[in-house]
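S.K.: If you want the building blocks of each chain, they are given just below.
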Amino acid sequence: GDSVTQMEGPVTLSEEAFLTINCTYTATGYPSLFWYVQYPGEGLQLLLKATKADDKGSNKGFEATYRKETTSFHLEKGSVQVSDSAVYFCALLAGTYKYIFGTGTRLKVLA
Amino acid sequence: GAVVSQHPSRVICKSGTSVKIECRSLDFQATTMFWYRQFPKQSLMLMATSNEGSKATYEQGVEKDKFLINHASLTLSTLTVTSAHPEDSSFYICSASQDSNYEQYFGPGTRLTVT
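Residue numbers (the working numbering), protein chains in the order written: chain A, 1 to 111; chain B, 1001 to 1115.
Derived by calculation from the structure, the hints in this document are not laboratory data. Heads up, some of the hints might be wrong.
[Said to hold, decoys possible] Here are the simulated DMTMM-like cross-link-like pairs (lysine to aspartate or glutamate), alpha carbons at most 20 Å apart as the crow flies: (1) A:Lys98 / B:Glu1059; (2) A:Lys68 / A:Asp55; (3) A:Lys98 / B:Glu1103; (4) A:Lys98 / B:Glu1087; (5) A:Lys77 / A:Glu16; (6) A:Lys49 / A:Asp84; (7) A:Lys98 / B:Glu1063; (8) A:Lys49 / B:Asp1099; (9) A:Lys56 / B:Glu1087; (10) B:Lys1014 / B:Asp1088; (11) A:Lys60 / B:Glu1103; (12) B:Lys1041 / A:Glu42; (13) A:Lys77 / A:Glu15; (14) A:Lys98 / A:Glu8; (15) A:Lys98 / B:Glu1052; (16) B:Lys1041 / A:Glu63; (17) A:Lys49 / B:Glu1103; (18) A:Lys52 / B:Glu1103; (19) B:Lys1020 / B:Glu1087.
[Unchecked claim] Chain A regions said to be covered by chain B (calculated; three or more residues, Cβ under 8 Å): (20) 20-29; (21) 44-58.
By construction, the Cβ of each residue, glycine as well, lies at the ideal position given by its N, Cα and C atoms.
Construct all of the structure, not just a fragment, from the sequences and the given hints.
M.R.: What follows is the structure, given as structure tokens:
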């Protein structure tokens, strides 16, 4: 069946470091891909999305490109801030509403 | 906009009792609401989907008699864990969708501990 694999955390970086969180997926057909972020004590927020191959989603300095050839959707940010500390979830949308989530990657950014 | 709340945020109950968790869409009408369960260091797993005014659709392996879902209005869905047991302890997250658009808005989650 469809699945999402994320790199395990936690990931600890210094402020202004480059961030990559890997995400690969397995799916039949052509799913939409998402990154959600969960700050402490809050719900999941949509960070960015891509609906077809080669699309690049971007928001708040974060980017991810839908790579069909490598079935990947890696999240990147050029310079992280302390305020980016959160848990990041990669997800795919199979069908009209069924999300499949990765296990989440905790990011901790140190000042 | 598109804010979803859950209540309570944390609940502790004794084994054998029932507990109700509320999910509300605060600034939009949610035709569809979803309930997820998240175990420590694991993915969110969809439990069920509910449409306003109709019976919930449960995912395979989820006991519908144990996890009662009601979606009586366009802004409120409830999940009742009946006869709770320690293995039901988990983080429960709801989400809501306004229409046939697939984007879901997530609540902050409810941590249930059954002693």
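S.K.: Hint by hint, note whether the structure agrees.
M.R.: Each hint, compared with the structure:
no.: 1; hint: A:Lys98 / B:Glu1059; verdict: holds, 10 Å
no.: 2; hint: A:Lys68 / A:Asp55; verdict: holds, 10 Å
no.: 3; hint: A:Lys98 / B:Glu1103; verdict: holds, 10 Å
no.: 4; hint: A:Lys98 / B:Glu1087; verdict: violated, 25 Å
no.: 5; hint: A:Lys77 / A:Glu16; verdict: holds, 9 Å
no.: 6; hint: A:Lys49 / A:Asp84; verdict: holds, 18 Å
no.: 7; hint: A:Lys98 / B:Glu1063; verdict: holds, 19 Å
no.: 8; hint: A:Lys49 / B:Asp1099; verdict: holds, 18 Å
no.: 9; hint: A:Lys56 / B:Glu1087; verdict: violated, 41 Å
no.: 10; hint: B:Lys1014 / B:Asp1088; verdict: holds, 11 Å
no.: 11; hint: A:Lys60 / B:Glu1103; verdict: holds, 19 Å
no.: 12; hint: B:Lys1041 / A:Glu42; verdict: holds, 17 Å
no.: 13; hint: A:Lys77 / A:Glu15; verdict: holds, 11 Å
no.: 14; hint: A:Lys98 / A:Glu8; verdict: violated, 23 Å
no.: 15; hint: A:Lys98 / B:Glu1052; verdict: holds, 18 Å
no.: 16; hint: B:Lys1041 / A:Glu63; verdict: violated, 24 Å
no.: 17; hint: A:Lys49 / B:Glu1103; verdict: holds, 10 Å
no.: 18; hint: A:Lys52 / B:Glu1103; verdict: holds, 16 Å
no.: 19; hint: B:Lys1020 / B:Glu1087; verdict: holds, 17 Å
no.: 20; hint: 20-29; verdict: violated (count 0)
no.: 21; hint: 44-58; verdict: holds (count 3)
The structure does not agree with the numbered hints 4, 9, 14, 16 and 20 stated previously, though it agrees with the rest.
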